[in-house]
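Under the working numbering, the very last position in the sequence shown is 618; numbers go up by exactly one each time.
Please note: incorrect hints may appear among the correct ones.
[What the hints assert, rightly or not] Computed list of lysine to any residue pairs in SDA-like fashion (alpha-carbon distance at most 20 Å, straight line):
# : residue 1 : residue 2
1 : LYS211    : SER293
2 : LYS602    : GLN613
3 : LYS524    : ILE595
4 : LYS379    : ARG358
5 : LYS95     : LEU376
6 : LYS249    : GLN199
7 : LYS594    : ASN583
Calculated directly from the structure, the hints in this document are not laboratory data. Since this is a predicted model, take the numbers as computed values, not measurements.
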Amino acid sequence: MSTTYYHRQEADRMPLVFLWLLAGLVCLLGGWLLPVSINSIHPVLLEFAGQKTPSVINSADTYLMQHKYSAADRYAELAQTLRLPDAPQVAAASARLQEQNPQEVFWGGRDPQLALLFSTNAPVANGQSLVRLFMNAAVRNVADLHLANSPSPGVQALLKTRHLEDYKQFVPANKPGGAPLDATITLTALFYGGEYFTPSLMNELKRTAERAAATSNPAEIERIYHSLLVLANRFTWIELGELFRTITNSTEMRLLAEIINDRPDDRVELFCAITQSGSAAKVTAYLRTFGDEGLEYVRQALRNGQGAVKMLMDRQVRLATIPGPAAPFAAPLIVKWPQVMLAAKYGLFFAGGIALLIAWGRFSSRRAAAQSLFGVQQTLYGGEPDQVQPQVGGGFRLFVRGLFILLLLGGLVLVSEPMLLKKIQSTEIKAGYRIAGLANSPAPASDSKAQPMNGFDQSTIVSVLIFALFQILYYMICLMKIREIDMHPTPPSVKLRLMENEENLFDGGLYLGIAGTAAALVLQVMGVIQANLLAAYSSNLFGIICVAFVKIGHVRSFKRQLILQLQAEQGTIPR
Numbered sequence: 044m045s046t047t048y049y050h051r052q053e054a055d056r057m058p059l060v061f062l063w064l065l066a067g068l069v070c071l072l073g074g075w076l077l078p079v080s081i082n083s084i085h086p087v088l089l090e091f092a093g094q095k096t097p098s099v100i101n102s103a104d105t106y107l108m109q110h111k112y113s114a115a116d117r118y119a120e121l122a123q124t125l126r127l128p129d130a131p132q133v134a135a136a137s138a139r140l141q142e143q144n145p146q147e148v149f150w151g152g153r154d155p156q157l158a159l160l161f162s163t164n165a166p167v168a169n170g171q172s173l174v175r176l177f178m179n180a181a182v183r184n185v186a187d188l189h190l191a192n193s194p195s196p197g198v199q200a201l202l203k204t205r206h207l208e209d210y211k212q213f214v215p216a217n218k219p220g221g222a223p224l225d226a227t228i229t230l231t232a233l234f235y236g237g238e239y240f241t242p243s244l245m246n247e248l249k250r251t252a253e254r255a256a257a258t259s260n261p262a263e264i265e266r267i268y269h270s271l272l273v274l275a276n277r278f279t280w281i282e283l284g285e286l287f288r289t290i291t292n293s294t295e296m297r298l299l300a301e302i303i304n305d306r307p308d309d310r311v312e313l314f315c316a317i318t319q320s321g322s323a324a325k326v327t328a329y330l331r332t333f334g335d336e337g338l339e340y341v342r343q344a345l346r347n348g349q350g351a352v353k354m355l356m357d358r359q360v361r362l363a364t365i366p367g368p369a370a371p372f373a374a375p376l377i378v379k380w381p382q383v384m385l386a387a388k389y390g391l392f393f394a395g396g397i398a399l400l401i402a403w404g405r406f407s408s409r410r411a412a413a414q415s416l417f418g419v420q421q422t423l424y425g426g427e428p429d430q431v432q433p434q435v436g437g438g439f440r441l442f443v444r445g446l447f448i449l450l451l452l453g454g455l456v457l458v459s460e461p462m463l464l465k466k467i468q469s470t471e472i473k474a475g476y477r478i479a480g481l482a483n484s485p486a487p488a489s490d491s492k493a494q495p496m497n498g499f500d501q502s503t504i505v506s507v508l509i510f511a512l513f514q515i516l517y518y519m520i521c522l523m524k525i526r527e528i529d530m531h532p533t534p535p536s537v538k539l540r541l542m543e544n545e546e547n548l549f550d551g552g553l554y555l556g557i558a559g560t561a562a563a564l565v566l567q568v569m570g571v572i573q574a575n576l577l578a579a580y581s582s583n584l585f586g587i588i589c590v591a592f593v594k595i596g597h598v599r600s601f602k603r604q605l606i607l608q609l610q611a612e613q614g615t616i617p618r
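Go ahead and model the full structure; you've got the sequences and the hints to work with.
Below, the structure written as structure tokens:
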């Protein structure tokens, strides 16, 4: 078999190699561009979900048309925080309406029930809360006259709880210092009578109040009062009415009160997210899971519109931070069939890996002039250099290629799934909380601090994978060099000298490993990457493994074959 024929075969194989390589890269690129992930949402999907849905500015305008000024102000404040266009105009429009209707400012807007009760004695907007206002006996008397004539059994059941005395967190309403509890009961009854609560919450309130009056044990109803008191100290009447429409039971109210008390500076984002998503439970669950990180995701969803907020709250996952572009045209398909598109993404990754493996195998298929560990060949000792038989593919070589492709795909998956192994920074909410200036409000049991949940450090895994890929790539370079010497048309003695000349190359894995460790440690000291000794020293470990495989598994075996060939040519060993 001539060398010319061999090179002609090589030339015939190159178009197929190129086609397989191109197919693999196209598949990998297609999978990368699909904005779908396992436990996160791509920003492209939020943008699509928010299209043709009410924006922050639209919601503010809607509340202004309904004369709900404080709710509109919350959205206007959020719009200014997000630096949305038209935010100053919305704030100015709200200010003009409030100047024209000063009697409605304290309540946060126009309400028929309040207009009837306080038409001749509207409270002045002086910064006090609803609870503070209703702690005034004169204000409570006006409301009590209205409530006493209410035909609602639920209202009457709530009013009966003010005569109970076994309260733990409040001073009883019929004793000195009981104004906070009395004010809270009055507020609860007014909201109940005006049907601001959801039907399920109204039924629960009625049953709980009746049970408390029948058993003289107000423990359950007291927890509800306490939650409502917290909310009434943070929001106006109009805002509370909007929030109560999203709460289905007392547990949701308690969790909302806890997170509002724990994050008072974030109540604007909380109010807007709850009213746009239509579920207080989903918003509180999201923030309890993701903490400050989740609040930033909520802000980004609010920037895109109501549909984006609903999608984020429904899925209860992070917002992905995937580098590089995405394919927005795929967003409708992903929203409609998320699981199918996720399977398509990883199917493309798998197909791309297989195509690259085939391209690599076709490109690196060679003939060799001697037997070695990385491929079994047959030759006639003492024959002509080009009188060789085709190399039979070695299983070990295929394993190494497959491992390299597998690690490459693993790294690609981790980069495309940045939230897959990221730690969740959950927020521990205070079990008890103090309401400033109110009697008998319980003190917090302990300080609240963010407690990170157990999880894998994604940066560590990515670093280890990168170091492993470098060493596998260097390993393949060493094999290519051995193969190049193996194919060289020279006597075994010259090949031995060439192998000795490449000793530094075969030791290069150690140098590469030390360089990786040093670079990682320097970057950690400089604060560029997170400090992690495991990731840094893994580079050294992979370097040692690489050199061991090269020198023990390949160099030693190949030199042994060359020595045997040399001795056979000199006639010192029997054939």
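Of the hints stated earlier, which fail here?
-> As far as the earlier hints go, not one is violated by this structure.
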